[in-house]
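Read top to bottom, the protein sequences are chains A and B.
My numbering runs 583 ahead of the 1-based position in the first sequence.
Read in my numbering, the second sequence has 136 at position 156, and its numbers run on one by one without any break.
Note that these hints are calculated values from the structure, not bench results.
Mixed in with the good hints, there may be bad ones.
Claimed, not checked - Listed next, the in silico DSS-like pairs over lysine-lysine satisfying Cα-Cα at most 27 Å (straight line):
no. : chain 1 : residue 1 : chain 2 : residue 2
1   : B       : 251       : A       : 741
2   : B       : 222       : A       : 824
3   : A       : 824       : B       : 251
4   : B       : 343       : B       : 74
5   : B       : 131       : B       : 337
6   : A       : 738       : B       : 251
7   : A       : 750       : B       : 74
8   : B       : 332       : B       : 343
9   : B       : 332       : B       : 354
10  : A       : 741       : B       : 74
11  : A       : 750       : A       : 738
12  : A       : 750       : B       : 369
13  : A       : 743       : B       : 251
14  : B       : 357       : B       : 343
15  : A       : 738       : B       : 222
16  : B       : 202       : A       : 741
17  : B       : 51        : B       : 131
18  : B       : 138       : A       : 750
19  : B       : 343       : B       : 379
20  : B       : 332       : B       : 379
21  : B       : 369       : B       : 337
22  : B       : 188       : B       : 138
23  : A       : 738       : B       : 74
24  : A       : 744       : B       : 138
25  : B       : 332       : B       : 357
26  : A       : 744       : B       : 301
27  : B       : 380       : B       : 332
28  : A       : 743       : B       : 332
29  : A       : 743       : B       : 138
30  : A       : 741       : B       : 222
31  : B       : 343       : A       : 750
Stated by the list, open to error - Label pairs and their computed distance ranges (CB to CB):
no. : chain 1 : residue 1 : chain 2 : residue 2 : range
32  : A       : 694       : B       : 185       : 38 to 44 Å
33  : B       : 188       : A       : 747       : 52 to 58 Å
34  : A       : 665       : B       : 292       : 20 to 26 Å
The model shown is predicted, which means the values in this text are computed figures rather than measured ones.
Where is the CB? At the ideal position from N, CA and C, for every residue including glycine.
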Amino acid sequence: MHIALLKVTTFFYLAGALLYLYFIITLNERGARLGRMSLMIGVILHAAGFGLRWAAAGYTPVTNLFESLSFFALTIAGAFLVVEIRYGLRTLGAFVAPLAFIFSIFSAFLPGEVAGLAPALNSYWLPIHVFLLFVGDAVFAVAFGAGIMYLMQEKQVKHKKMGAIFKRLPSLDVLDGINYRCLTIGFPLLTVGIITGSIWAEYAWGSYWSWDPKETWSLITWLLYAALLHGRLTVGWRGRKAAILAIVGFGAILFTFLGVNLLLPGLHSYSSLSR
Amino acid sequence: MGHIVIIGLNHRTAPVEIRERLAFPTEAIGHALRSLLERESLKEGVILSTCNRVEICALTTRGPQGTSEAKEFMAAYHGIPLGELNGHLYHYEKDEAVKHLFRVASSLDSMVLGEPQILGQVKDAYGYAVEFRTIGPVLDKFFAKTFSVAKRVRTETKVASSAVSVSYAAVELARKIFGDLSDKTVLLIGAGEMCELAARHLISAGVKGIMVTNRTFERAVKLAEEFGGMPIRFDEIPVHLKRADIVISSTGAPHFILQRQDIEEIIRIRKNRPMFFIDMAVPRDIDPDANQVDNVYVYDIDDLNNVIETNLEERQREALKAEEIVTEEVYSFRRWLDAQQATPTIINLRRKYEEVKNTEVAKAMTMLGTEDPKMRKVVESLASSLLNKILHAPISSLKKDANGKNQMDLVTVVREIFDLTEASERAGTGDADRTGETPQD
């Protein structure tokens, strides 16, 4: 039941992404409304599936690649909906909803059976550590979408073309505002997520920090966002520079999450493809 | 049979000297409307009078006569010989008239394609006709349809979506850069019609404040007073520039008054808060290279003109879509109008009660519990003769006064009291079309 629920949500994310794309192309309001509804249904079913799986497995189901990709899709869709409802930024859906779909379909192709928990993961730190990081990463995914939109819109204004993109995308100020807001939410989550991981590592492996690839890459990611936050607060980095850093930062997140899992073996390789 | 005519003139057919003589002042519109309907064949009337067009839309009982009566009225009312006017007047009848008003209200016939005021003016014209009771069921429906067509054009095409004047283009850009303008400050350097207009638009878009500067401080003071802004001295620009988010410049200076380095310096002091420079001066005031600086946007007059040109091209493309909508709606309105004529109404009426008769006869036969053909004949002839006697009076009055002045009213009343619905309306029209019975006026 839970596997079916987790996989079926892919269709709702796909429908949501397509409807938001339809909206941004035609500016037909109904596209945005139905897109939002579709994502909402997806998130509700997804959360239900996640809960059922948790109950069935007896532990937080974020311990292999299928589970974590699926959970990432859930947090991205959720974070987007919060931003969309709070700021009414419907065009953002065309950039963020496809991300939720991509992670969801990626997970849907992996075997979804409950595989049992590796002993090292059996800890109450598991949900805390993983939730903090995934929600933080999802917030940065929204910043990534806003960053791409910013660069597109800035190009229009700089090159003095008031074309279709100019009309559809929101103002530079609004997009930069999303960047900043996501940073102020995502960065503390990322920080606390890494700290809890470190504490947990001390319990589980006897060392706060052992420079395994995942740790190294999450530090790189953290430094990128720290630099952005610092630049914003002290010398007023904003606009183009902030948008580029949000995009690069999300690239680092993806590499920390997937690249490390798939390419660089280490202590964190619970969720590589081989498992 | 009644049909719709429109006569009038607009900015393309008549120069302003003619248009101003033919305008109907608002105070006199009631009187004008009433004297319009004193003409023999005119039953309903609406007068649209704006600075770009004067038009009379009327429902007439007799085709060409209605058109000439409306023209005569236009000439006589303003005391101008018709011969002098004729070269400027256009006239449309039936579908052409319907199409014309749809196009006017959708701003497809405007001087600036897609300008929004005209719809309001058409609504006002309709409002006067309602107020002075010179509108009846047909024009009422016609105008209601016109408003819905204009709305469709507005929502389904982008014919009115983008700025087509320099000053509006500047505001649109400011909105895309800053989003909310309510905490933004404008600096106006120099004076000139276009930059003052842009400043005015920005003020009505809700900017927080405006600073005004000029080489002669007295002019700055005067202009600042006009805008409710703050005058500053020309040589103090560098001091105040950091507070300005939007800079509109139009001085007579022979060289740049702001170099790229100046602007880089200011943007650093502003901690990269964006700045938008609108350079309306020729030769230019702002170093165009400054556009390369992050968070700085520099538009000169040519840039703005290019933007407008693209927007106008877009409007023209969208206008084609709008014309399709208009054509479609003209057809749908004609269907309604046809159904308002006597012949289809008579067909509707007969068909409806023929059905009632058949049902009732069948019911009676079941109740009698017999299939006897003789019995059936008696019941049927009873029903038929009742039906004919009842329908005789309404049908013969519909036929009798086919060209009379009250024809349309009568049709409306008959349709109302006999409850002839949309569905039967359509069936009736289709039938009439097939048998070639479509009423011709």
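Okay, the hints, checked on the actual structure:
no. : hint                        : result
1   : B/251 <-> A/741             : 19 Å, holds
2   : B/222 <-> A/824             : 21 Å, holds
3   : A/824 <-> B/251             : 13 Å, holds
4   : B/343 <-> B/74              : 46 Å, violated
5   : B/131 <-> B/337             : 44 Å, violated
6   : A/738 <-> B/251             : 21 Å, holds
7   : A/750 <-> B/74              : 39 Å, violated
8   : B/332 <-> B/343             : 17 Å, holds
9   : B/332 <-> B/354             : 26 Å, holds
10  : A/741 <-> B/74              : 51 Å, violated
11  : A/750 <-> A/738             : 13 Å, holds
12  : A/750 <-> B/369             : 66 Å, violated
13  : A/743 <-> B/251             : 24 Å, holds
14  : B/357 <-> B/343             : 14 Å, holds
15  : A/738 <-> B/222             : 24 Å, holds
16  : B/202 <-> A/741             : 34 Å, violated
17  : B/51 <-> B/131              : 30 Å, violated
18  : B/138 <-> A/750             : 11 Å, holds
19  : B/343 <-> B/379             : 32 Å, violated
20  : B/332 <-> B/379             : 18 Å, holds
21  : B/369 <-> B/337             : 13 Å, holds
22  : B/188 <-> B/138             : 31 Å, violated
23  : A/738 <-> B/74              : 51 Å, violated
24  : A/744 <-> B/138             : 17 Å, holds
25  : B/332 <-> B/357             : 21 Å, holds
26  : A/744 <-> B/301             : 23 Å, holds
27  : B/380 <-> B/332             : 21 Å, holds
28  : A/743 <-> B/332             : 64 Å, violated
29  : A/743 <-> B/138             : 20 Å, holds
30  : A/741 <-> B/222             : 21 Å, holds
31  : B/343 <-> A/750             : 65 Å, violated
32  : A/694 <-> B/185: 38 to 44 Å : 57 Å, violated
33  : B/188 <-> A/747: 52 to 58 Å : 31 Å, violated
34  : A/665 <-> B/292: 20 to 26 Å : 41 Å, violated
Checked against the numbered hints given earlier, this structure breaks hints 4, 5, 7, 10, 12, 16, 17, 19, 22, 23, 28, 31, 32, 33 and 34; the rest are met.
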